[in-house]
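Engineer: Below, each chain spelled out in residue letters.
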Amino acid sequence: MGLTAQSVKLESLRDIYEIEKNDKQYVVALAGNPNTGKSTVFNYLTGLNQHTGNWPGKTVVSARGQFKYKNNEYILIDLPGSYSLFTASKDEEVTRDFLCYGNYDTVVVVADATCLERNLNLVFQVSELTNKIILCINLIDEAKKKNIKIDKEGLEKELKIPIVLTSARNGQGMKELKDLIEKTSQIIEEETEKSLYFNQDESIREKISEDNYNYANKLKQKYVKEDVNKLNRDKKIDDIVTSKKFGIPIMLALLGLIFWITIQGANIPSQILADLLFGLQYKLDKILLILGVNDFIRGVFIDGMYKSLAWVISVMLPPMAIFFPLFTLFEDLGYLPRVAFNLDHLFKRAGAHGKMCLSMCMGFGCNAAGVIGCRIIDSPRERLIAVITNNLVPCNGRFPLIIVLSAAFFAFTGSFVDSIIPALSITLIVLIGVFATLSVSYLLSNTLLKGIPSTFTLELPPYRAPQVGRIIYTSLIDRTIFVLSRAAVVAAPAGAIIWLLANIYVGELSILIHMANFFEPLGRAIGLDGFILIAFIAGFPANEIVIPVLLMAYMSTGTLTDFESIDSLRQILISNGWTQLTAINVMLFSLLHWPCSTTLLTIKKETGSLKWTLAAFIIPTGIAFLVCFITANLYRIIW
Amino acid sequence: MKLADVGVGKTVKVKQNSAHDYLKERFLALGLTKGADVEVLRKGPKNNLTVYRIRGAMIALRNEESSLIEVL
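Quick mapping for you: the protein sequence lines, in order, are chains S and A.
Letter 176 of the first sequence, counting from 1, is numbered 176 in our numbering, and no numbers are missing.
Letter 16 of the second sequence, counting from 1, is numbered 16 in our numbering, and no numbers are missing.
Chain A with its partners taken away, still in its complex shape:
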């Protein structure tokens, strides 16, 4: 399943980070590594951004980005 499709309030584990280059690096830096817990906190206006709790921080991602993360 993609992270973008996870419902609000659920907590999932990262299975794979399929982004590349710059974005991959950014994801890794934020702690989106294999096995990391990600909690889906909230969707923003127009369902454009979603807030996730990643490694204790609140990070907002667009759907384009969160679809690149495979989760369990």
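Next up, chain S with everything else stripped away, as it sits in the complex:
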């Protein structure tokens, strides 16, 4: 059976694989095993910033970019990594289908120089589909460090396809790659139908794989020289990092350390930003006064929009700008798959998939991204569990709230020992999230989503030295733009609305107070108050605004204060009746409550089911109310 567009009747899918282009443009596809640096090659060529990281399955949807070389324009498609064109997890299907039905002019198969034998299998398969193929042996710098030598000329002669040795992250060999792309794109291939020989008989395919691999092994023996001692470097690190005894403790210690650095580092930039932004507010206010703008409009703009914008930036940005570069360092190092390795037994017992760990890690950045990341999980049942529970990992929008509140309420004197407590409490919050994830997974897989755990294969990629400078630079810029745009798009309008609600009166009280009074009993029951619930509801489009909205709501009813330090934040909250219980419960509620609107839309898109989208809303919300109800009552009994 030939696997072609016609035989599978995928006419309707053609649009996706027909990349629109003009005569001067060529389509270049990047394929390859997972984690060989395709995205790095992509970024280098296009100048774009596709997320990179050292773990298999990071790219689950194809990215698209363009570059010019000499007189031609190239459209570059970064395909999700795949081991073979025959195994089909959801992300690998994208690659297979594109290579079978897509209208590309060249395929660049990116291979890992340190693991060539395994990578060649895919090269053989792709060269069966097309002769417009380039083998890009990437990570040649890593190979050099490990004393691996590759005889390019010999291999080229043997395989009869052009080969280039590259190190995409420092640009080595990239000009040569562009030259090859230029040359290969000009080749006019006979209009044959691209087809991949797929025999129903497993034993025949087994024989083909065997032959492929025997050949790959022969090529490796002949053209690749390795140094066995250097190969054992990763093994030695992994003997400790993934050991039975130290694996999990090391992981927790690292997590705690990252939080500690984040809290310690965020304070000063927070203050600088606040001084700057609130200083500017004062001036803006004056200008509007001089211009004779009336009080109401001035209120909407300055006290509503500008102030919440300033709050989001000064409170939310610094922790993000520190946490994410640190997290990315570990990601680039190759640590995430080790985390999945260490925790697999827990996920297995919960009836979930070990790779859920990876989608959860993506959830730290953004739950919507985490939900899409669940595509690396092959079994539909387990993917659904991962999708529904992803929200129980605190994302970009909620992390700052947790960080700021734990810094405000759990650090007292500023001594070193004291500074550890907030870091510990955040780690604890994350662990509660993980525990909730596991519990929900367990419940789901024993009720609505019954089934046995599916198969599991996890590659532990070689450790790679992260490019510290580049990571800090790009993820700082990345996060800054992200936070700023969210602040502008969501926080400013929300600020205006809240200000209006606080300043339009119905009877004796403002609308905001009426609303807060309505929610007050429910809020009280779970150790919060009416304003906090309103802030969380207002945070539905973006969780970043929960704290700013809350402060605005509080301040509109009492004294107006600007952000000066974490301490002034605590003062405002305490004067509005907060206790440590309130802080704990706000953190827990933030961790556990409903997903934001973007995440819900993504869940709807990924599952295609309204029922599961609803479940993804109800389950965490239920847990949030239940847990906060319990802590509130426990607190009242004990104190």
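Certain hints may be false.
What follows is a set of in silico ranges between Cβ atoms, one per label pair, in the way DEER data are often shown [claimed, not checked]: (1) A:5 with S:145: 34 to 44 angstroms; (2) S:268 with A:5: 22 to 32 angstroms; (3) S:227 with A:10: 18 to 28 angstroms; (4) A:10 with S:420: 36 to 46 angstroms; (5) A:22 with S:172: 45 to 55 angstroms.
To be clear about the criterion: a stretch of chain A counts as covered by chain S if any three or more of its residues have a C-beta under 8 angstroms from a C-beta of chain S, and this derived list gives those stretches [stated by the list, open to error]: (6) 28 to 34; (7) 41 to 54; (8) 57 to 67.
Since the hints were derived computationally from the structure, they do not count as laboratory data.
This one's a predicted model, so the numbers in the text were calculated from it and none came from an experiment.
A virtual CB, placed ideally from N, CA and C, is assigned to each residue, including glycine.
Dock chain A against the given chain S, drawing on the hints supplied.
Structural biologist: Frame of chain S; chain A shown alone:
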């Protein structure tokens, strides 16, 4: 002998891959074909996962999976 029963530090050769369907395909893609060398590197927490060196890459498998590989 099954791959799952091989002790840490030993290197064995694949005799037969008895998995089916999707998993079989995955095994083949990873290079677990007849005659392939597999080195047992380490057991993870709770003896749940074992790391193997297969075709130069480190791959972790659960016991359920590694019992489907017959080795010499």
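Engineer: Three or more residues of the segment 57 to 67 of chain A near chain S by CB distance under 8 angstroms?
Structural biologist: holds (count 8)
Engineer: Is it true that residue 268 of chain S and residue 5 of chain A lie within 22 to 32 angstroms of each other by Cβ?
Structural biologist: violated (57 angstroms)
Engineer: Just to be sure I understand the hint, the distance between the Cβ atoms of residue 10 of chain A and residue 420 of chain S should be within 36 to 46 angstroms; is that true here?
Structural biologist: holds (44 angstroms)
Engineer: A range of 18 to 28 angstroms was offered for this pair. Does it hold for the Cβ distance of residue 227 of chain S and residue 10 of chain A?
Structural biologist: At 22 angstroms between Cβs, range holds.
Engineer: Test coverage of the segment 41 to 54 of chain A by chain S using CB-CB distances below 8 angstroms; three residues minimum.
Structural biologist: Three-residue rule met by the segment 41 to 54 of chain A, so holds; n is 11.
Engineer: Do residue 5 of chain A and residue 145 of chain S keep their Cβ atoms within the hinted range of 34 to 44 angstroms?
Structural biologist: 36 angstroms Cβ-Cβ, so the 34 to 44 angstroms window holds.
Engineer: Can you take a look at whether the segment 28 to 34 of chain A is actually covered by chain S? Rule is 3+ residues, C-beta closer than 8 angstroms.
Structural biologist: holds (count 6)
Engineer: Please check whether residue 22 of chain A and residue 172 of chain S have a Cβ separation lying inside 45 to 55 angstroms.
Structural biologist: With Cβ atoms ~38 angstroms apart, the hint is violated.
In terms of the numbered hints stated before, the structure departs from hints 2, 5, listed from lowest to highest.
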